[in-house]
Structures are given as structure tokens and as C-alpha cells.
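**Q** Sequence:
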Amino acid sequence: MKSVLVWVSCALFVLIDASVAFAGPAAAAGGAHSVVLTDTGTVWTWGANGFGQLGDGTTTTRSTPTWISSITGVVAIAAGGNSTYALKTDGTIWAWGANASGQLGDGTQTTRTSPTAVTGLSNVIAIAAGSAHAIALKGDGTVWAWGSNSYGQLGDGTTTMRTAPVQVTTLGTSAVGISAHGNNSHAIKTDGTLWSWGDNFYSSVGDGTGTNRSTPVQTSNLTSVSKSAGGSGFSYAITSSGAVKAWGYGNDGEMGDGTWFSRTTPVSVSGLTSGLVVAGGDTHAVAAMADGTPRTWGGNQFGQLGDGTTTYRNSPVQPSGPTGLVAVAAGGSHSIAVSSDGRVWMWGFNTSGQLGDGTVDQRKTPTQISDAAFAWRVATPRLSPFGGSSTANMTVTVTDVTAGATIHYTTNGVNPTESDPTVASGGTIAITQTTTLKANAWLSGMPTSNTTTATYTLTVATPTLSPGTGTYTSAQTVTMTSSTSGATIRYTTDGTTPTATSTIYTAPISVTTAMTVKAVGFKTGWSSSGVGSAAYTFNYGTLAAPVFSPPPAQIGYGTTVTLSAASGATIRYTTNGSTPTSSSTIYTGPITVTGTVTIYAKAFHPDWTTSAQSGGTYTVKVSTPVFSPDAGSYAPGQAITVTNATPGAVMHYTTNGATPTASDPVITSGGTVIAGQYTLKAIAMLTGWTSSDVKTAAYTLTGPLTSYAVRTNSTFVAALKSDGTVWTFGSNSGGSLGDSSSGRSTPAMVNGLTGVTAISAGSRHVLALRTDGSVWAWGGNEAGQLGDTTTTDRSTYAAVSGLSSVTAIAAGGSFSVALKSDGSLWTWGSNANGQLGDGTVTQRTTPTHVPGLSAVASIAAGDTHTAVRTTSGAVWTWGANASGQLGDGTTTQRTSPVLVSTITATAGPWAGNAYTVAATADGSVWSWGANDSAQLGLGTVGGVHTAPSQMPTIANIATADGGQASSAAAASDGSVWTWGDNYDGEVGDGTTMTPRTTAYHLAGLSNITSVAAGYFFTVAVTSDGSVWTWGYNNVGQLGDGTVDQRIAPVKISEAGFNWKTSTPRLSYPTGTYSAIFSVVVTAVTSGAEIHYTTNGSDPTQTDPTVVSGGSVSIDQTMTFKAAAWASGMPASNVASAIYTMALPAVTLSPGTGTYVVTQQVTLANAVPSTVIRYTTDGSDPTTSSTAYGSPISIDATT
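Residue numbers for the sequence shown, in our numbering: 407 to 1604.
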């Protein structure tokens, strides 16, 4: 449907003959009023009158035709939405009704209830009216218009309202016919062309566009036009051959061409080749054919098509009844047809009496309201109520709006005559049986009214049975009554529906057994009642609930449960916890319980009330684990013993706060974990039994168990908390994070691992040393580096076979090293380069002793080499040596330890990928091995150093670590120093690409106690447990929730490993963009709330939010920042990106070249709505250069 359709702004028209101003009969219709011009020049009106549009001096609505006696000699009429117009024989126009838009043309905007002359017009031969404007055709061929002009419908080139006529000057003196509708106007010229103007939103101008026109334009594809008309947003024309054309809005079938489509230029209305006149309403059209018959099409929600339905039609249909038609009109949703001999038919909407038959009843077929010569019929009587149903006698009030009319009626379905009974207008008729009431009205000098007919159906009231449906404990006396006086009640007791031959109720009946009684009322001349029904059941009491033996409780496996109830009762039961019903399982013998089960039972008997439910749950449940000691604060190293009293039960536990499941670590009864800053949870399980309750206890420590530490050797990080728990993040190749995840960009605890005092990380595996001297490992195991006798990767930790009393550990690329308390050294894993030091190159899946060494104090493992320091300060190395990393003056691989003879160390050694670092008693730092990325910190790049060289810019280090090609150290004063490769920012100095050839002090960090250098990234932790990361971050190894490179340190936790909320990820990096885009913002911390700014300031929790995975539109240059907050966690770091918006280059087509003909050059830009400016003199365009609008013609060198 068209939007905002109300009749004060919809189309009305009067059809004007193309050659002369014609005399009546004629018809016109407004939004809800009707106008007829008789062949004697008198005007009759009826319908809505809120604006005085009926012209009778009042604003009273009329439902029958009213003669406008104040105007005579009328030759043509027109109607607007709420206004009316008349053209007199003297060539003047008179108007009345609504005038808010000046549509009465009297120079004012004053509503008029009586005819008022239109100012300044004479010699008028035709008139037409739209919704709130009017036009006139003068005898000299000029066209004049006035009223509303917001769409240019006055045709004067403006959209200015006019309260007096103005000439449509561009038409000159060539007009021979006019029409108007809605906000459109039309004129037919002497050459048969049609010119249109005004509203064109739905293309009702017909020029192939949707552009409003304030001056006349020629309607396309039309010639030999003789008449024109239109409706709300659509238009019609009749050609000299009688063909009817349509254009404009057509979604309700207004085009009549068999489609539901709108048309921008004229199309033929199906089957209409001999059209005489046509009219358009809100959504429908009416036409009269040359043979005098009507056709209608379009909207039909109120029956305005007159075909007896409310079905919309997209091609013409012929309403029955009207003949000899010479005039038609279409109102908002009603229709008028007038014959040549003065008969008038009406149909459609009628709430304002616009059909003129004296009622306000909608008519879906044509209703004749006058006989020949405009002999108006007496008003059709009104009946109130108009038909209906009742269970009691009814009273119908009969009225007729024709004063003095005599109303005759019948109740036998025959049309009334003047010999039938009468009822005064306002009188009543009693309806005492089902009746078809018909009424006609007569008045001397007027034709008899149409017949009004209504059917009244009287139905016997449904009998009531007392008492009604229920369950009773004694026989019942049942009474049947109906509120309909004189009704006969017939009943049955077998559940069937009573008929006219069923037993007659004469006295109360006795009901002693279960039955359904049904009753129906009958009365002559009435419809039989509905069925009254009552179902009676009887009950001798309530059965006792079944008895369970043993009663529901925790019982042993295989116990049998016996049920018993009253003699003759049937026990039905369920084992799924649901309430037993009459279809539940019947109890026949003892029930064996093999697992936790809920059994409910009820006793049933047909003569008794079903018992209450009894029963409950039998549990076969594992006992709850016991912790000793229980929750509390304890000294570091406190062992917690976990036990369970159920034999065979398997206990699973967690330390990460999650409820334990069968996939979590197992602890045997009597096993121990070491207390930390965590909540310990345990559950016991046994097949066929209910799992135990979850035992939960929160533990704290009175001091640290160990020091905070971080370790890496690849693209993941292992971090040791001071309470002995381990946390991991980054890639998870081989299960190196200690879980089954695909990798993590934020830290998570290695579940269940406690009492750890030291950790070390290899390329794909991790070692952990516990307080009891045992070593545990997880991750990649392709070379046996986990020491569990296999080469199978593990994502959960397991003990290294055969090791105890270990005091230090080191993880190399794919091998492992352990130092025992007796000073002996043990190695396992890959040995292709002799890195195990056992004199072979044989891989080992369990620890093997390194011979020839004792009193070892410190150990380190590189990618494929090992370095140790003894208590005497001697440094021994073995393994790969292609880069001189063994420091023995050669590049020869060693399978057994060799002495680094030129140094006596007091700290270290520390091993990188293919290099080694150590410190001496005077605080100096020495390095040797590969130097291709300046990882030795000697001030040079390149070459290999086969013997230790002193580093020039660093001293007094407490700890250090070597990575792939970069190094980091923490000095004894807590400062951090980095050197070596810096391609990905791993030095942390705010730059990339260029290596640091000497140690660089990172001034922003202090109190650092542990550092780790990985695969192009670095990690540091402070004495209070704050963690900083920087460098490469492709798999989340920096732990801030992103995969964004960081070229300076970022803090990912507050003190005590209080991990920050993950930093938001931005889907677009800083850069210059040539089109508007949306940046997707995500945070991996579950439940995090993201706030952002676009003005460069850091976000706060009062700034706008975006859900994780949501997007923000970037439509201009801005600095975009986002931060995330999660409950119980510190706020994230701020994510920031600078987005610069730049237009792409303009393209020219054709491009540069030599041509032999003039070229039309098109300029284009990929960004919509871009204003392109250009020059042709070789200078650069500026903002004041010529704006491009259409192809440029180039006919000379340019």
C-alpha cells in the first residue's frame, strides 16, 4: 500500500470533456462526501460535512441527498478531499468546504459552509479539483489553478500556496480539457497530447521519472487523448478510440493491466477499448463504457469495486445492476454511477453516509438511491441491532431519516408492501422466534426506499445440570434447567448427544453410578441449544500410599526394594523421578537397585481415589574426599594429604577453581599436594555409583615457597608463581601449555601441579622441579625429552622416570638436564650432537648419568649444547659446536664435557640457541658462540667466537637468558639489559630491525629478578610477581590477549601474578585507508566489558562500550583506543590504532594516449559521493578547480 494514505491528501477528480464544458448529469466524490449534478442544473450533496463541504450552511453529516438551493444554473461540478466546486452557466466558479490551503480560491483560507465565488475568474468552461487544489479551463484555452502547491500541482513553476487563481502560463491557450486528482493536474491540448504536473513520487506525471514537476511536462507515449483523470498517485487517460491508459502507483491493482506493479509511463488497462469516462479513488478506479455499463478495478477492502467481494482486482470487473451510465466518480473508498436518465447507484464505504441511502452500512454491490429524473428514493430504514443471535426474545428499533416516511415491515421473509404492518420511526418490533425482518419506507411524492433485511436467530439457552461434573461419595439427584422460557429439555445418560426423540426431562433424575449425562433444549421456532453435559464419578475414599521396604536412603549395591499396598490395589511406579500415572509400570515383584535411582509409586483402584505418591531416592554414593589439613593458611611446603574411604574409588582434583571432572588429574588415596595460593577441589568416582560431593578448601601461604620465575625457549612461556603453581601461555605445540587447548594468548594455571620450586622450558616441552626433589615434564616428546620411557607427546604432566633428590633442572631444544643433590648430572632426550654428554650420540628416553663430572653447582641447556659450572667456578660444555658455543677454542662437536679453560665463573652459565654467557667474580660478563645477530653483545655483528670475550657495557648481573638470537639479563640492582637480534622488537627499545650490538639498559623496568628470552620475544618478572613482555607475538606468547607485536615492554600482570584483563584486539592495524570500514574489537577474557574512545584519550568505564566481536565504524581520520575490564581482574592495557582516511586516486577513462577523434573522458573515484575537481591546462587541481559532473570532451592535446 502507498504510505500515509488519508483522504485529505488523496486524489479526487472531475472528468472534463476535452472539447466543451458539459451540463449534467454529472457526479463527483470527495474523501467521504458525494456530489451529483442533475440535468436541470441543480446540485445535490450528502456524506461527511465536517468542513461544510455539503454546502448546506451547516457542518452536519447527511446520509441522504440534500439540495443546495443557494446555487442554480450549474453546468459542471468537482470535489476535492473536503471541498466542492460548481461551474455556472455564466462562466463563474463557486466553491465551499475546507479552505486551509486556499483551495476555494476566494483569496482567504476561511472554511465556507455555503457557495462562495472564486475570485477573478470568468468565461470558465471546465473545472477540476485535487485533494486541496483546483484548476479551471477558460474559453480562451488558458488554464488557471489555486490552492495547495507543495508538489507544484498549480503548475506556476513554484511550490507556493495560492488563495486565488494563477495562470498556468506555459500551456498558453492550447488547452481543451483538464483534470485533477490528489496532488496532480492534467491538461489536454488541441493536438491531443496530455500535459501533467505536480506530485510524481509514484510517477503519476507519466514522464518516466519520479521527479515532481512544478510546470507542465508532456506525458509520454500518449496521443489523441480525449479525457483524463486519476486517483491517489496514479493517472488515467481515454483516447479518441476509447482505449483506457494508466500509469503511476499500481501495487493494489490500480493499473488494471493484470499486474500488481507501478508504471512510470502509460500502459493499457486490460480489455477496455470503448471507455466513455473513468475516475480514480484512493486505491480503486471506476469507468463507464460506451454501452453504459460499469467497470471497476484496484483496492476493494470496503467493497468499493461493487462485485460483492472485498477481493482486490488487478484487471477490470463488471458490477451488476447499473446501466445507461454517462457519469462515474470515485471517492476515498466509495463509488458513484449516474445514468443518462437520472438514476444514481452507490457502493463501498459508508461510515459518513456517503452512499446516500439513509444508512451507514457498507455496500459491496451497487445500491440504487434514485429512480429516473433524479427522483430520490426514501431513505432505507435502519435496524438496531442489525441481525444477530440471542438466547432470549429480542427488541429491534426501526428508524428512517426521511422525515414523514411510513415504515412497513414483514417477519416472514417477504418484501413489505403498504398493506403490511407499520412501525413508527424510532419504534420497536419484538422478535420472539428466529425471524427474517424486512422493512421498507414510503413517502408521498418519492419512490419507495430500498428494502433493508436482517436475520435474527433465537437459540434455546444450553441446559444447566445441577450438581455438575464431579466425584461424589453418595448418589446424586440431578436437576436440568434452561433459562429459555417454554423450552423442552431432552437428555441421555450414555454419553450420546440428545435428539428431538430423546427422553424428555420432567423431574430430577437419580445418578448412582459413573455416567455422563447430556441435555439439549428444544423450542418451536427456535434453534436447539448447545449440549449441556456433566460427568459423574464416585469415590469411597483414598487409598493408602504404597509402603517401601527398605525405605529410600543410601543403600548397598544390589539391594532389593519391596512395595506393598491395600488388597486389590494396583501399584504403579517410576524410576526416573517422575510422578506415576495410570500408564506407568505395574509393580509385580522386588526391584533391584544397582545405582542411584529415584523410585516413586502410587496405588490405583477404580472405586477409590488414587493414593498419594510415596517413595524417594536410593543412593549408592562414593564417600567425599578428605583433606588433611583442611582449608587454612600454612607455612610454605605444607603437604595436604587427600584420602577417600570408598575402596576402588578414583579421585580427580583441580587447583584452578574449576569443578573436577573425569579428565582432570588423578590422586590416589593417601597422596599429597603442596599447599599454595589456590582453592583445592576433589571428587571421588566409582563406576555404577553416584560420584561423591565435591570437597573444596581454600589455602593460603604465610610466605613464599619459591621465587617468581619465567622461562621460555620457543613461542610459549612457563611462569612460576611464588606459591609453587605454574602458569603458561602462547603456542601449545605438543601440549607444552600443560592442557589440550590449541594455544592461549592469556595465562592459565597448569591444573593440579603444586609444590614446584623451579621450572625450565625447551622448544616444545617443560620441566618442573617439586619440593620433594622429583621432576615432572609435559609437552613435545619426539626425542624422549620427557623422560617417561616413551616418545609420545603429553599435554598433562608426568614424573620423569627414576629421578629423585634433584636440585636444578634445564630444558634444551629437545633434551633435558637435571642436577642431583650429590652433584651428579643426568640427561635425557635428543643426542644427535652429543648434548647428553654421555660419550654417545644415542637418544635417551630415561635419564642417563653424565660421567666424569662432580660438584656441579649450576646447569644450562641451549638448543643442542649443554653448559655447567662446578663449585670451583670451572665451566664445562658439550654438544654442538659449529658456532663455537662450547668455548673451547674450536668448532668441534663434543659428546663428553670439555673445559672452557679461559674463564672461572661465579654466576651462570646461561645458554642461548647457539651461544653461551657467564659472569666472573669481578662482575664482568663474558660470552661466546654465534654472533650473527649481535647476540654476544660484543659491539660487533657476525662471525663466531670460539672462546669467551668480555661484554663491554654490562656487569654485575644476577641472572640472564639466551633466546633464538637475542639475550636478556637482570643485574643485581634489578635493572634489565637486552642485546642482540631486534627484528621483532625483542630488545624492547622501541625500535625494530636493527640489532643491539652491546647490552642496552631498559630504563623503564626495575626490581627484575627473572628474565627469559624466547623465539624473538622477551619476558621479565619483578620480585613482587609483576610480569612484563615484549617482541614477537604471532601466537599470543606475550600473554596480553592479542597477537600484536610489542616493541617496548607491556605489563600483563600486577603483583602476585594478578593477571590483567586481556588487551582488546583490533581487526585493522594503524594505517591509511581509502574507504570507510568497521573495526572489529574482541577480548579473549570471558565476560570482559570493552570501552573505547575515538578522540585519542584513554578509555574509562564511562566511555562507550562494544561487545566482544562487535564493530565500530571508522569513517574519518581518528585515533581509536579500547580497553577491557573484567570482574576480579585489573583493567587491560589500552589497544590503540591511528586510522588515516585518504581518498584513492581518480581514474581517467580512456587513459593517456594519442587519438584521431574527439574523446569523452570519464573521471571516477572508488569512494561514493566524492567530489572530483580537474584541470585541462596541466596544473594541479585545487578545491576551487572545476567540479566534474559529466564526461569531458577532449578534442585537442590536453
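Some hints here could point you the wrong way.
[Said to hold, decoys possible] Derived BS3-like pairs: lysine-lysine, alpha-carbon spacing no greater than 27 angstroms straight-line:
1) 544 with 494
2) 770 with 929
3) 595 with 544
4) 1027 with 1101
For the record, the hints were derived by calculation from the structure and aren't laboratory data.
**Q** Against each hint, give a clear statement of whether it holds in the structure.
**A** Results for each hint:
no.	hint	result
1	544 with 494	13 angstroms, holds
2	770 with 929	36 angstroms, violated
3	595 with 544	13 angstroms, holds
4	1027 with 1101	14 angstroms, holds
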